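Chains as they are written, first to last, in my numbering: chain A, 1 to 160; chain B, 1001 to 1491; chain C, 2001 to 2202.
In case anyone wonders, no lab produced these hints; they're calculated from the structure. Among the hints, a few may not be true.
Stated by the list, open to error - Derived DSS-like pairs (lysine-lysine); straight-line CA-CA distance at most 30 Å: (1) A:K81 x B:K1218; (2) A:K85 x A:K32; (3) B:K1326 x C:K2014; (4) B:K1412 x C:K2191.
To be verified - Across the chosen pairs, the derived CB separations fall in these ranges: (5) B:I1225 x A:K85: 23 to 29 Å; (6) A:M25 x B:K1112: 38 to 44 Å; (7) C:I2144 x B:V1327: 44 to 50 Å; (8) B:D1333 x C:E2163: 28 to 34 Å; (9) B:W1127 x A:K102: 50 to 56 Å.
Note that the coordinates shown come from a computational prediction; the quantities given were computed from them, not determined experimentally. Even for Gly, the Cβ is constructed at its ideal location relative to N, Cα and C.
The chain contents come next:
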Amino acid sequence: MADLLQSAKLFEVGTRLQTASSCLMEVAGGKKPERDALKWAGDFLVRVDWTSGIESEESVDGGLAVSAANTRPKFYASLVKIGPKFQEMGMDSEEQVYEFLKALYRCLRSGGTEQSDMKSEYFALASELLHVLSESIMVDLCNNGLPRHDRVLTVGELIA
Amino acid sequence: MNQEESSGQSERQWRDDILRRQVRLRCHVIKNLAWNLENGGDFPTPTPQKLCALIRHTVKMIEDHLNETPADQLGNVSLFLCSTAEHLRYVERSRTAHTPWSMIQATEHFLKQQVGEDSHFIIRPQWSYNYSLVGEFVAHYQTSVQSMAWIPARKWEDGLAAIQLTDNKIYCIAFPRVGRLDALLHANWGHELGHIIAARWVHAKFGQIWNGVEDGVKKRIGESIRKSLPASIEEELFKDLIVEQSISDMANTTMEVARHGLTELICDAIGVHLLGPGALAACLEFSAGLSLDENPLQCRNYPPWRYRLHLMLDACHGDLKERKIKVNGRESDYPGEVLRPFCEWLSEGKQLLAHAGDEPAWRQAIVVREAYALIEREWKNIRHDVLDLLPGGAEKPYRLCERHAIIEDLAKKLCDDIPPNEVGCWPNATPARLEDIVNAAWVFKIKKQIENPGWGSPSDYERLCRLALKAIEAGFVDSEFGSRLREVNAT
Amino acid sequence: MSTITKPEIENRLKGQDTRRLTVTPILSRKQIGDASIDVRLGNQFIVFRMHTFGVFKPYETPLARLHTMQERHVVSFGLEFVLHPGMLALASTFEYISMPPDLEAQVEGRSSWARVGLQIATATSVEPGFKGVLTLELSNVGTIPIQLYPGVRIAQLFFREAEPALESAYDGQRKYACPIGPEFSRIHNDKDGQVFSLSRAT
């Protein structure tokens, strides 16, 4: 079955992460944040990131658990992709990256109010991380606008 | 702003300008196309037009709020519009001209009986030699619109009332064009319908099940990966993150193998539950030319055919057992002369499919092993829970042995070249159910093939399918309109 | 050869042997009249795509061309099919008929429809042993469009005994075998008609 709801949920993840990415820049600029957008992103990312320390026994929307598992490999890939930017900030060990992520999650989950651990330059980096992650989800959803070629003799099921 | 930042801004601005114009144009074109299809087509049911109306409504909302759309969301909106345009093909292909097929109303009636009157179906042919289901469209659009924070979701939802789609669902179900007339193959409707139930279950329950096992899966995959890491990984700056990425990738694959595997097995279970051995027979014949033991990773996470058929055969085992049963208070032999060839054929299939020996090769990959460990641990409960979602519940499967007198009656009609649309004969006939018609057709076919090896030419098969299709249509009309007619005539 | 009346029609419908008459499904007992059975309109129609050809040449038109002349429509039960003045459409009975070897039938339109201009100029006789739905040729010879609904009672079947009974009636190898919808003309298969088509003969 082409489960449109599953693809809609992934579209939702990509769109909301992009919204949160933009909101972080607004917070950095001193503007009033869109709390719900940031909170959603924070709650989602702590489920995605195994290093966040949030227990999996916490009650989880079933659909969110699946979206989180789908997003996880892209999340780590995005961290690796912006690795050079971490280094530019002086972060060249994983422990420092994890500390950065913890600060980010605190900020997001508070709707932007808890910023004490977020240095001003961290906001741009965090925004970049969310943007890269959002983009990779969208690229996967639409194959970057390119046809999906399968080397098959017959096509079993038409996928939307 | 330095030169690099400045040129980055210009490039983004340039692309944003293009995108905004493109999105506006796309909205206009899609709206018009949807309107033309909605009003220019000849459709067997109103559902294709409902989908057009849903698309128009959604695209109009996007167009009306284009000025408020953040520049960095334009790309996502554009992607969404492209996917929306693709949905219009389901409408176009469902025109009566593409599907001059009288079984559509009967099929929709059967589907709605299982999933509710609030579910509407676009039924259309596809050239792929298979069945498929796409959906659910209203939830898809709702979730997507809700994620676009600049569009008032409430306003979109209020608009559903105007097109009579509040609390309604739309699915598109496709049948193979090449097998359009193959009534016996249409036993696969049960499986396709199962996708709707399976999706409901997966969205409600799978996440929790996966949550419960994810840590253990992650641990075992992590151990497996760390054992085989190349030495060069030590040089990587963020090596732990790279390893986490690999683990998460494999864990995600495990989850998808489990999720897809469960989905297909649930669909098979529902197919057999609703349509009995007819559904099993359709699957047996369909898979006859295929490899039975392929790795799910090579087949887009579908379980191996042998695995699926085993579970379906288990579900039908009661119908294959020879024994004495009571019919109208009298004992008689089951399966009896008419049904015996069909039951024996299925039993033969069961023996041929029995897999003796070692663990199959397809289980060797850790992701598949983990996924199927989960499936096997949870299957009994999941199967029961899912079948309980059907109107008849888990306790009322289709049993050939309970309906064998009806099936015999219908199969005998086929022997006389009469469509099996009613049980008994005038004036005491009752309309036959779709499930009985399909099973009777299978019983007849296998009986003829075994009694007469010369039977089975294309014209023999075509005649059988025509009679079965006529029966399905007539049975539907009889059950839908017959009672109303009797009321009218009684007054 | 006498027309059989209601008691015998009902006997034949209930019968279990080779003399059994099948008309299925009969949605209402009122369809059985004193000497006939009313039949209903099916939901498949064939209309002619007049813009694709100039003249119908029965013995010269290739099969592929014959197919392009016709367009098949399926109308859902509950929806209408409109027959305009001068229009011809092929339809079929909703009921599937199986004739015993010793009965034949005549199809006649219902006068209620004839009075508004609907003619069912069908191939009027149904042979012993026939199995299938009956193709009906609907034409509107009136001046106003007629709205038809699949399922309405459209014609009547009158039955007569055929003597002697045809033991090997309708072996299914004939031109139209167990049809379940209207069938286009197969006049082109009439080899003796071709004898008289001089342009074919020379």
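Discussion item. For each hint given before, does the structure comply? Return the numbers of the non-compliant ones in rising order.
Written reply: 4, 6, 7 and 8
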